[in-house]
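Asker: Sequence:
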Amino acid sequence: MRPLTLSLRGLRSYLTEAHIDFSNVGLVAIHGDTGAGKSSLLEALCFALYGGCTWDKRNATELISDGAHTMQVRLTFRCANRTWQVTRAISRTSSPPSRHELICLDDETRYDTKQQVNAIIETMIGLSHAAFLKAVILPQGRFQALLHTTKEDRTAILKGILGIDQLDAMQVKARAHHDRLRPLLDQLILDRRGLLDNPPATAGEATQRLDDALRRQDQLTKARTAVREASARRDQMLSRVHNIEQQARQLAQARQPAAAANLHVLASLDEAIRTEQNDCQSAITDWQEHEKTLQEAVTAAEGEGRGPSSLPKAIAAVEATRNQLPDIDAERERIQTDAQNLADDLTRADQHAANVTELANKATEAEEAASSAARTVEEVRELVAGQRSAIGTARTLRGAVHRAEADLADARQRITDAETAIQETAERAGEARKKQTAAEQALDAVTRFNAAAHAAATCDPGDPCPICSRTLPATFQPPPAQKQKDARKALTVANRLAADADRRHQAALTTRQHAIEEAKRVQTRVDQRRGELDQAMTHIASQLGPVDLDNPDDVLLAPLAARLGAAEEDLGTSQATARDVRQRATAAATALEHTRKALADRQAALTANRRRLDQRLRRTVGALGKLPAAWRLDPVTLDGLNQLLDTAHRWEEELATITDQLTTAHGQLKQLRERREALAGRHLTEVERPATQLLHAVDGLTQSAADAAVLIGHEPPASRPLGEDLHRSATWAATLDHTVGALLQAAHDRVTAARSDAERATEEITEWLLAAGVDDGEQLDDLIVQVAATAQVARADLDRAKRETPVAADLDRRIKAAAPIVDALRELGALLANGQFQAAVVARRQRAFLGLATDQLLTMTAGRFAFSDDFRIIDRYTSQPRNVRTLSGGETFLASLALALAVVDLAGRAGGRADALLLDEGFGSLDADTLAEALAALSRQTLGGRLVAVISHMRAVAESIGNVLIVTRDSTGSHVHWASESERSRLVDEDLDEGLLPCP
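Numbered by my numbering, the letters in the sequence shown go through residues 1 to 1000 in order.
It is worth saying that the hints were derived from the structure and are not from the lab.
Check before you lean on any hint, since a few could be wrong.
Here are the computed lysine to aspartate or glutamate pairs in the DMTMM-like style, where the Cα-Cα straight-line distance is at most 20 Å [what the hints assert, rightly or not]:
| # | residue 1 | residue 2 |
| --- | --- | --- |
| 1 | Lys-362 | Glu-593 |
| 2 | Lys-816 | Asp-191 |
| 3 | Lys-597 | Asp-344 |
| 4 | Lys-435 | Asp-502 |
| 5 | Lys-489 | Asp-580 |
| 6 | Lys-362 | Glu-122 |
| 7 | Lys-313 | Glu-653 |
| 8 | Lys-222 | Glu-653 |
| 9 | Lys-222 | Asp-776 |
| 10 | Lys-173 | Asp-823 |
| 11 | Lys-802 | Glu-205 |
| 12 | Lys-151 | Asp-870 |
| 13 | Lys-434 | Glu-419 |
| 14 | Lys-151 | Asp-869 |
| 15 | Lys-520 | Asp-502 |
| 16 | Lys-434 | Glu-532 |
| 17 | Lys-816 | Asp-186 |
| 18 | Lys-57 | Asp-106 |
| 19 | Lys-222 | Asp-869 |
| 20 | Lys-670 | Glu-291 |
Everything numeric in this text was worked out from a predicted model, so none of it was measured.
Using the sequences plus the hints, can you model the full thing?
Answerer: Right under this line is the structure:
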């Protein structure tokens, strides 16, 4: 990759467009003060190639200039004998969209997506973003990255530069084919392994097993049927025995022999407690009647508003009203005075508001005038930017036209050369054909002369003559055939010369045809570029008139710059006027707002005072309105309120007497109710609970007896009689106990008969199991299942053998054909793996690389330092290897520079994919002699057409290099230009004045 031109705009300090032409330079010094924008040129180059910055490949938004919205970089470069142009543009937001475009200027091949552009450029250069920053562009502060990087990273960089990555591609293809075919072969092998080894033999053996299993299965099935029938009878009898015995045990456990006697005792105690409860309830009824009479008197007083709950509240409300009436009248007079003063102040505020509105209208008019002036300035600025971009485009198109015209001249010259070659080859072909005709005639003459003798050339004495059939004499000698051989040889040579002449003539014709077609294509490109240039010049002339592109942009854009200056001056005046008027309007509006706010606060306070006074009056008088009619006055006066209070005190005395009597009645009722509750508790504890528990137990016994009766076929017992008569329940409990005894005896008889039936069924089961050769029914079932499984397996084996016979034969044939191919691909992939063949290639190239780096380092260090095989430094003063981290700053710089130069040199020998080297600073640590050696080494790298750019603020570096790119920065941003002879002389003079150069 060899940069030719670089254009950038909106990147860091480059606010306006900058254009640099590297096509005719080799060693370049990029010189400028610190912060001028030198390193930004490396960022532009990195962004153009990889779409990112030197510290982040994925994002370059941070490179956009402050105050700018869009950044654009265009790079023209030469790579793999083709010229390319890459253009990238990004914005802070999604509008306008990002632009990533790569064009081959030789054949118009175009790529216009970021992914395509990144992939094509990285493939052409052969370096990743990280490797590019270690081998081609060495940013400031990371110059020694290749020196200090890991072994794996250095190996990856060398593989990319030297093209060894092509072995990776071949290895990937071999692995891809192997990985594609291996699963298919494995699947075939897996499919074959899933089939039988010998299907026909398996079919015969499975048929015999199936017949044996079917006979045995029929015998066992008959035995299982008989065993199951006998087992069912036995299980039925044993279940009957179990159920009867279980029910008899439950019945015996639930029997209650003392239940009848206990129920008679509880019946007598129930009658005594109920008599005491009736006497207590009669006394409670008498006291409740007296209490009701007293409560009715209190309720009547409560309804009239003089009861115990309402009387204290009513007295308090009357007293509060009597105390508040004088204060309410005084507050009403104060509120009326404040309302009159507020109305006067509101009138004055309305007069001031009219003045504020007039000032606001004037401010709006001034601001509209300033906005109009700002739009004018922006339009002129856009016009200037558009014309500047159009001029740059026109210059680029003019260069493209010149290059296309040069290519057209070359194509036409190739046509002329081809026509000359056609004429020469035609003459040579004619001469060759003449020689070919003469040789044919000579051979024909030799063949016709003594044809008979030549016909007998292969005969011996005694053989028949091939002409007359007579026997050849014993003295016969075959005629010599040398003349004919010479003639044939001469004809062969003539034929070969004629064919060669015809091929040369045909090649010349083909070359001329290709040259004519190429001239047509180049002519089309010339016409296209001229048309584009004419359109661009027409667009520029529509705004600037006829222009000379050789003049600087500032000269060509001078008229528009003048318009822009006048528009900016008008904008400043308009903005100042608008600010002044708006400030006065804002101050007046602020004062009016404060006044209105104060008046509003006063209005709110006045309204709140009125509302509070009305609420206070309503609360004061309203409290009396909520009282019963006996407490109301109309009108409400102080005398009326005093009389009402006297009457209320008499009502309090009467209510106290009734309250005392009620308290006595409540006490008597409480004592009687407590006695009634005690009797109820006693009845619950001593009668109800014991009787309920006993009856519940007897009811459970009844249910158990009924269940037992149903199970053994006996008459069930009678249910407990309805009602709460404990004497009747006691009689029924005695009858139930007798019935339970009879049921227990009947259950014993049924169990004895069922056991006898179960024993007979067990004997029958034993006989069938002995006949089948098993111990129990479970073993019989298992044996039947085994025999059925054996038959099923045999049947499945037979079906499988028949089904797999043709499939197995086909798989065997396909595996035999595919296995050698897959094995060969695996071996090829293994040979090209990193750990074997490639490792040897990389190690060999690395030794060559270190040899080149050592040559560079020895030259720059006067023969002191060299590289060892592990990238350590050999100090020839001590003959000991040193770690690179022990080097001084200057020594580290020289070692890093030697590696970078070796990368460029070795890459050139391997195909020339790294035809550039750009260094950012690092020379400050070198003395004058070492600096001269380093620059001399860099200069030698340009002999093959490479570009070597050195970025430095040191004048000593710029003075030693013939091509100096000056980078300056002012209020409008950074600018670049090639230094003239006078500027380079001035750099030397400044260096002498500062004492940076040694005196002669």
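Asker: For Lys-362 and Glu-122, compute the direct alpha-carbon distance and say whether it is at most 20 Å.
Answerer: 63 Å, violated
Asker: For the pair supplied as a hint, Lys-489 and Asp-580, is the alpha-carbon distance within the 20 Å limit?
Answerer: Roughly 113 Å between the alpha carbons, so the hint for Lys-489 and Asp-580 is violated.
Asker: Could you grab the alpha-carbon distance between Lys-597 and Asp-344 and see if it respects the 20 Å cut-off?
Answerer: Distance of about 16 Å is within 20 Å: holds.
Asker: Would you mind confirming whether the straight-line C-alpha gap from Lys-802 to Glu-205 stays at or under 20 Å?
Answerer: Since the Cα atoms of Lys-802 and Glu-205 sit roughly 12 Å apart, the hinted pair holds (cutoff 20 Å).
Asker: Please verify whether Lys-222 and Asp-776 have alpha carbons no more than 20 Å apart.
Answerer: Distance of about 15 Å is within 20 Å: holds.
Asker: Are the Cα positions of Lys-57 and Asp-106 separated by 20 Å at most?
Answerer: 29 Å, violated
Asker: Are Lys-670 and Glu-291 close enough, with their CA atoms no more than 20 Å apart?
Answerer: 12 Å, holds
Asker: Can the restraint linking Lys-435 and Asp-502 be considered satisfied, given a maximum Cα separation of 20 Å?
Answerer: 14 Å, holds
Asker: Are the Cα atoms of Lys-816 and Asp-191 separated by 20 Å or less?
Answerer: With Cα atoms ~14 Å apart, Lys-816 and Asp-191 stay inside 20 Å; holds.
Asker: For a C-alpha distance cap of 20 Å, please report whether Lys-222 and Glu-653 respect it.
Answerer: The given pair, whose Cα atoms are some 112 Å apart, is violated under the 20 Å limit.
Asker: Regarding the pair Lys-434 and Glu-419, is the alpha-carbon distance no greater than 20 Å?
Answerer: 23 Å, violated
Asker: Does the alpha-carbon distance linking Lys-313 and Glu-653 stay inside the 20 Å limit?
Answerer: Measuring from Cα to Cα gives roughly 16 Å; hence the hint holds.
Checked against the numbered hints given earlier, this structure breaks hints 5, 6, 8, 13, 15, 16, 18 and 19; the rest are met.
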